Amino acid sequence: MVAEILSNHLLTALIFLPAAGAALMLLFPAAQTGAAKAFAIAVSVAELALAVSLWLRFDPQTPGYQFVEHAAWVPALGISYSLGIDGISLVLILLTAVLTPVSLLFSWTHVAKSERAFSISFLALATGIIGTLCALDLALFYVLWEVMLVPMYFIIGVWGGSRRIYAAMKFFFFTMAGSLLMFLAILYVAARHHASTGEWSFLLSDLTRIDFPMGVQAVLFFAFALAFAIKVPVFPLHTWLPDAHTEAPTAGSIMLAGVLLKLGVYGYLRFALPLFPEAALQYGPWVGALGVIGVVYGALVAYPQKDMKRLVAYSSVSHLGLVVVGVGAFTATALSGAVLQMVNHGLSTGALFLLVGVLYERRHTRDISAYGGIAGIVPITTGLFLVATFSSIGLPGLNGFVGEFLILVGTWISPHPWWAAVAATGVVLSAIYMLTMVQRVFWNPLVHEENKTLRDIRPSELIPACVLVALMIWVGVRPNDVLDRIRPSVDALQASVNAKRKQADARTLSGPLPHAFEPAHAFQPAGGPR
Amino acid sequence: MIGGIPLNDVLLASGALFVIGLAGALLRKNAISIFLSIEVMMNAANLALIGYGSALGTREGQIVVFFVIAIAAAEASVGLAIFVSLFRHTETIDVNEIHLLKW
Amino acid sequence: MSAFPADRIVFDVAAIVAVLFAGLMVVHRHPVKSVLAVVVAFFFLAVSYVVLSAPFIAALQVIVYAGAILVLFLFVLMLLNVAPESGAVGRRPIQAFLSGAALIVFAALLLSLFRRSGAEIRGAGASAGLGEIAPLARLLFSDYLLPFEALSVLLLAALVGAFVLARKEET
Amino acid sequence: MTGLVRFGAEELAAVLPEIVLAATGCLLILLDAFAPRMRSWFATLSLAGIAGSLYFLLRAPLGASFGGRLETSPLTSLVGVFIGGTAMIAVLIAKPYLRRSGEERGEFYALLLWGHLGVSLLTRGLDLLVVFVGVELLSLAFYVLAGFFRRIPASSEAALKYFLTGAFGSAFTLYGIVFLFAKSGSVRISALSQVGLDADPLVLFGLLLLLAGFGFKMSVAPFHAWAPDVYQGMPTPAVAYLSVAPKAASVLVLYRVCGAVFLGGMPDRFRAAVVALAILSMTLGNVVALAQRDIKRLLAYSGIAQMGYVLIALAVFGRDALAAIVVFFFAYLAANAGAFAAVAVLYRDETKPHPIGLLAGEGRRSPFAAGVLALCLFSLAGIPATAGFIGKFFLFKAAVDRGLYALAIIGVINSLVSIGYYLKVVYILYMRDSVEPDAPPRLGLAGGLALGLCAAGILLLGVFPARLWDLARGATEAFPFFGP
Amino acid sequence: MTSLSPPLWLIPALPLAGFLLCLLFGKRLGKTFVSAVGPGSVALATVAAFLRLIPFFGGSHAPVVEKLADWITAGAFSVDISLRLDPLSALMISFVTFVGFLIHLYSVGYMSHDETGAGYARYFAYLNLFMFSMLVLVLGNNFLILFVGWEGVGLCSYLLIGYYYDREYAASAGRKAFVVNRIGDFGFLIGMFFIFRLFGSLDFSTVFGAAAEDPGRFAPYLTVTCLCLFVGAAGKSAQVPLYVWLPDAMAGPTPVSALIHAATMVTAGVYMVTRCNVLFRLAPDAMLVVAIVGTVTAIFAATIALAQNDIKKVLAYSTVSQLGYMFLACGVGAYVAGMFHVMTHAFFKACLFLGSGSVIHAMGGEQDMRKMGGLRSKMPVTFWTFLIATLALSGIPPLAGFFSKDAILTGAFEGHRNVIFGIGLLTAGMTAFYMFRLVSLTFTGGFRGTHEQEHHLHESPRTMTLPLIVLAILSVVGGWIGLPPAISESGDRFGRFLAPIFPALPSVHAETGVLAHGTEWLLMAVSTAVAAGGLYLAWTWYGKQEGRVPARVAAAFPGTYALVRDKFRIDELYDLLFVRPFHALAWFLWKVVDVLVIDGILNAVAFLVELAGDLLRFLQTGNVRNYALTFFLGVVALVLAVIGVF
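Chains as they are written, first to last, in the numbering used here: chain A, 42 to 571; chain B, 48 to 150; chain C, 346 to 516; chain D, 519 to 1002; chain E, 16 to 661.
One thing to keep in mind: the hints can contain errors.
Straight-line alpha carbon distances no greater than 35 Å define the calculated DSBU-like cross-link-like pairs of lysine-lysine that follow [stated by the list, open to error]:
no.: 1; chain 1: E; residue 1: K606; chain 2: E; residue 2: K559
no.: 2; chain 1: A; residue 1: K493; chain 2: E; residue 2: K42
no.: 3; chain 1: D; residue 1: K942; chain 2: E; residue 2: K46
no.: 4; chain 1: A; residue 1: K347; chain 2: E; residue 2: K42
no.: 5; chain 1: A; residue 1: K493; chain 2: E; residue 2: K606
no.: 6; chain 1: E; residue 1: K606; chain 2: A; residue 2: K347
no.: 7; chain 1: B; residue 1: K149; chain 2: C; residue 2: K378
Honestly, the hints are just simulated from the structure, not real lab data.
Please read all numbers here as calculations on a predicted model, not as lab measurements.
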């Protein structure tokens, strides 16, 4: 039975294991918080185990969807419960599965009230996220996409900081605002499919077959892109992020920055691109341009921040801007880089939030000026923080560099090389703001008395941090372990889109740079020799 | 023509009554008068029903009127009871004075 | 027959009086007097019913309406000895203005509607037999049995309701 | 057609549900008068009555009886189940509520049942007279229920306002019926299906008056004004019923009449009017709800807004839309009735108003009720995986399918606004610290049952909507009237 | 490959292991452990390196590539982890490992005063990590691996400059170093992008091979490519305008300055340019730029050095100046000379820094030369080694510096870059001058410091003096492997050794004719004379007359003097031009764009909706007549809308 599920319904198991755990925890007596927390962590670890087995059983060679499941949900409307993953979803799923136990473990000592509900929210969140990553039916996708909001809303609003309610509401509103338009767009697409074929269906594979006139496509693309852009978030729709990150509890910030933001990009890749390729082609440059703006803008705004989490939050804006640039460039290299960079950002920013959390739990302030010179007091925290910092500013040997470099070089060989040129300034800017923070927090003379007695990192904090650092090094040294799994999906994506693009080649491959710049084999749309 | 009576006359009368009742309902202040005006409106309807019924040569008009009158009676009893029970609290049935529930 | 038959005279007079008294009800400040005005109005409506060959309804009108209902009104008025209204319109100018305007528009609409309707319906001459009671009764207890029974429930509900609301407060 | 109708076995079978209701009502009155000690059983008895009437409704032979005045069809059965469910929930809410406020009397249940009878006539009547009597029965019963707590001024005032506006509204309804009668020469709805009527100003006028009258019952702006005040003053269980069942019945009636008249589909100007009402209702309801301090008023305005969504489906005017309405109302039942049930549980003192602030911290103090309330609010807000989302989903799908894009967009913008106040309540529940000193009353079986049922309904319908949709869609296939 | 010649990866791997050991266990296992592991690992690396090099030196100098693994493969882009041993990298690792080892050794003594084991372990961990990165840098077989090392050494320099993290200026200096380097790296990145877009690969042999094969195809775009690369080089090797970080970098411990900021890391730029000589040679304009920047840097830094009083600052600016010299060499096409100077400079500049370190050690941390003097007697070893190194730097034959510097000047002269040659010559004189000023002020005359300082003066321990001696010896003999043809036709073993990395380029017409010996002799004589002149002047002014003349000069031109003493106030200028505007922009974007505009608009919308609600709710007057009216109005409106007026 179980074996059968694990073999044929692995994704279902993956999605509903946390939900089941959460449901079970409702039965726990509210008093026994310890048991509840332990149980939650156990569940999340089991989830991680499942995810790892998924990773191992995933076949990097096949480009299509794997572990596909299909069941009718609302047959009358062709809404189906259909799941499947490709490399892109795979890596994000694994990331989620890693970050969930990390968050829970970190929160072991750091949740003041109603720990049980806290753990439940996180498991529910995991279900939502992973479900979103597996859904191949637009209706199902939308449902899960929205479901995620609720636990996150509670996580921010109940366990957050002083302005938590404002932040929670802002978070909910922004995301809702985007997705509601997308909701209508989905309905429209389905209705179109119904009109043309007489069949109701919300399956991605069916809906991609429709050809929309350019005008319609533009509108629909806008509706989708808006929803995803808000989630990413792309400038100028980013202002919910700093508040949400700052006010959310540490674990919440980890999940938020680690995974939720990625879903914007993921949605763009998985749905917006295949559904509306021409529009994506026509407005892709705008997307990329916004990404570029995001890179510089986020970095600049991050610099003067006084609040550590806020600074990291703006750095996220910058990093995800870079990811968006990669998506906009749409060369195989840049796309792979973008996907990889999502993982990297999840790890490094997650670690940063975690370590900021470590300090916050001791001093109950995130104000940079409240620290300084504590490197000697909390050496381990400092060391880990340094690693995370350098991963985040893209030091070779750590994960950040690989993604960053791939995106930039991939963009450089795209029609828009100058994006890369501008975006590369992020290399300098990130160093400026991150190292300034590091200096003002860890270096410099130790002025505040209360910092002299800071307790260094606890095991329950150290373990998750070390896990993240280990992953950073792993991805930094052996990025191909990840890239190999991404590659076929990226190629397939490109192929599918390029196939639908009218005279795509002419447009993708002639750039502003002189022709002689084009290296012979970068001409291949799927990119590069195997 | 109903007998010798042009339908128009009937309808005009009905319309006049309805509008008058409406005016009363909108302009009077004490609940009873308002309700009274509403009764007038219903009678306007009755008149029109009778008129149409006769004009179309069907009894349904009268039947409906029969029901309306009965309902009106029922409404009256309940309504007046409501006024009374409210009066116990407010000592008035001037609707301008009755705005505990608002906004 | 002549252009101006007797029953038309009767109807018009009755209708006009009814309308006049109804208007009196609206303008009259003193509730009791306005009830009385309505009594008169309803009585004359009954008269017009008669000429519209609906004697049964006429009877109901007098007995139930002019009789029972309005008397009930009077009772309640006495019970609560409601004071005459003072300056009904004056203190609510907006209400008054909007009402007035809307009323005029509405009246105009009704007028125009009735004109065409009155013109287009050519009554079937067989209005004579409509007055008899027996067929009415038969209809009530056959075709209209369902609403009739529903009506009984409604009356029961009204009865209980009135009782619930009006009974003395006990424990 | 005037062939005299005999009251035969099939008539009996058809009307048995109503008879059961009426009889149960009478029984309750008698018991209350002569066996007051049995009062604690009244709720159970009423439930039995409703259940019985449902049973007979589902057993009743399909087709029109009483000379085509009473319909028994899959649709009426489905709607019957819906309103029956509403009534049961209301009774369940009423039980502890009345007990607490020392008003546990037979009359309450009796009137509830009779009002329910009226609604059932609304849903089944194929004859404007029956419909009118049904409306009046409903109204009378609820006038009284509004004023049921005579000790409480607010209650009496609610009664007064409901009564005056209600009577006013039914005068218009009646006048509308007159015009329809004038053209068709009969009060049967089917008689309206004559060529040419859909263009006739007189008929349109009548229809509009009906639209106003039933719009009033649905509390659609601008005929909504009574709702907030009445909901606030009325005993909560009654509100739970009034705010759900009659609205559905009214839409159904409107659908019937419009369906009968508009053989060639809804004329554009009429549709435009309905659309205007929808937009006005959504916008006004949502925007004003943002400013509400009293939970019952807030729910009233939310209801106004929700009826705006329903009107979207009326504007779409088709079988899918009708089915969508049915599904929507099942969702609405679970969410709205559930919300009122939670309100009835969470507020201690009926004599006082129900400020939202009082809910602060309940999330931790009475987790179950608060949880259900939150769930209901999310459902009303249309968050996926709840019934509310499903309801909206079908509505908007119908609109988009019909090409009413602007309306749909306004709709979603509105539901974005609505999130503002729904979430406000949620965060007060969970993210504020408690202000009320004494703990909430213990949750009884009945209350718990009501809450549990609603929550279960929300989640079940939210996750497995297929069955209900198929039922609704199938039922509408048999819908008597429709153009081509 | 015999067991005696280890695989290339072992050479960087050993310091890496040392790094991990020190980092993880150093604190717990204490100083002795660290002192063993830190220098030990480097010593082993050195051994490994030489085991590998000796056969290489002997045998054919054919490049060896050892691929370890694929690293990144994505789309069109693919690069692997592979190391390369060819004359250039061989040269580099030879002196990097060796000098590195000496400095590790020196550090054992120098850092001994560090009371906490933690700091000590940290120091050696970083130092080992640096060795690792540096070796990866020079061994890398493609631009990306090179870049890995490139960034790695940047990181280590950041960490080591900020070693005294609780001193704000040290922390800031570290940050400054990293950021400025990053600006260079930005250029480097773009350069790599160009290269990838041009050649579709980042692999050295592929790129250079393709370029050498078909220069015509790529030439037009190589200028910009090379300029971008050079920006990187300028950042790393502290060239104008990016040199500003190096002087501040002296905030780190002195051995660090010796190793990173004199001997090895800062020369990475030169190494990279030389590595890319094929591309540069195909882009003459770029080379001209390199030459000019180098020259300007050389003279500019030398000028500043004239007026510094901090012993390490003088050396720092001297380093900048010498680096300029090396780029000058590259710019005029004398890559061999450039590399030659890189090596010799590594010897004597390391020696100088270590010497100064020994001085500072003795002076208890004092770095101001005006408070020193007469140390010659107190610390003879330091003095003599220092003197030798100074002479070497000044280019006095037959010491190492003479040959390398002379080779550079010759190259400039051969390339008909006369202006550059002239400036180079002048710089040589100035170098001699400020170096001897340094020596005079520090070691001759009477002691000018406080009493307890004088009491505390002592020669440094063996671990410190030993490296000094070794380096001094190297500063003497180091130059003899690259004798100019004039002295011995076959003397330029160095040049011949490096020759393979300068493939002939068809398109580039080699018009650098060989000079007649006479001219060469002349050049040597001139440069020697200039150096000697500088020496003499400094000696007389500062050694004999205790600096009265310069004082008068300074008094005569106070403005100019202040300007020079304040390093031409370049930092202040940058602060004005870049730092402040950056702050302002950031604040503007945050406070105005983010908070005011974006959030402002959104909150405004939200507020307006709420406000509408707050106003509209008052329509609900509570007066039932109004309700009736609204109902009625609604009806009228409906009717008018649908039926209209007729």
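Here is how each hint holds up against the structure:
| no. | hint | in the structure |
| --- | --- | --- |
| 1 | K606/E with K559/E | violated, 62 Å |
| 2 | K493/A with K42/E | holds, 20 Å |
| 3 | K942/D with K46/E | violated, 62 Å |
| 4 | K347/A with K42/E | holds, 33 Å |
| 5 | K493/A with K606/E | holds, 34 Å |
| 6 | K606/E with K347/A | holds, 12 Å |
| 7 | K149/B with K378/C | holds, 32 Å |
Against the hints set out earlier in the document, violations occur for numbers 1 and 3.
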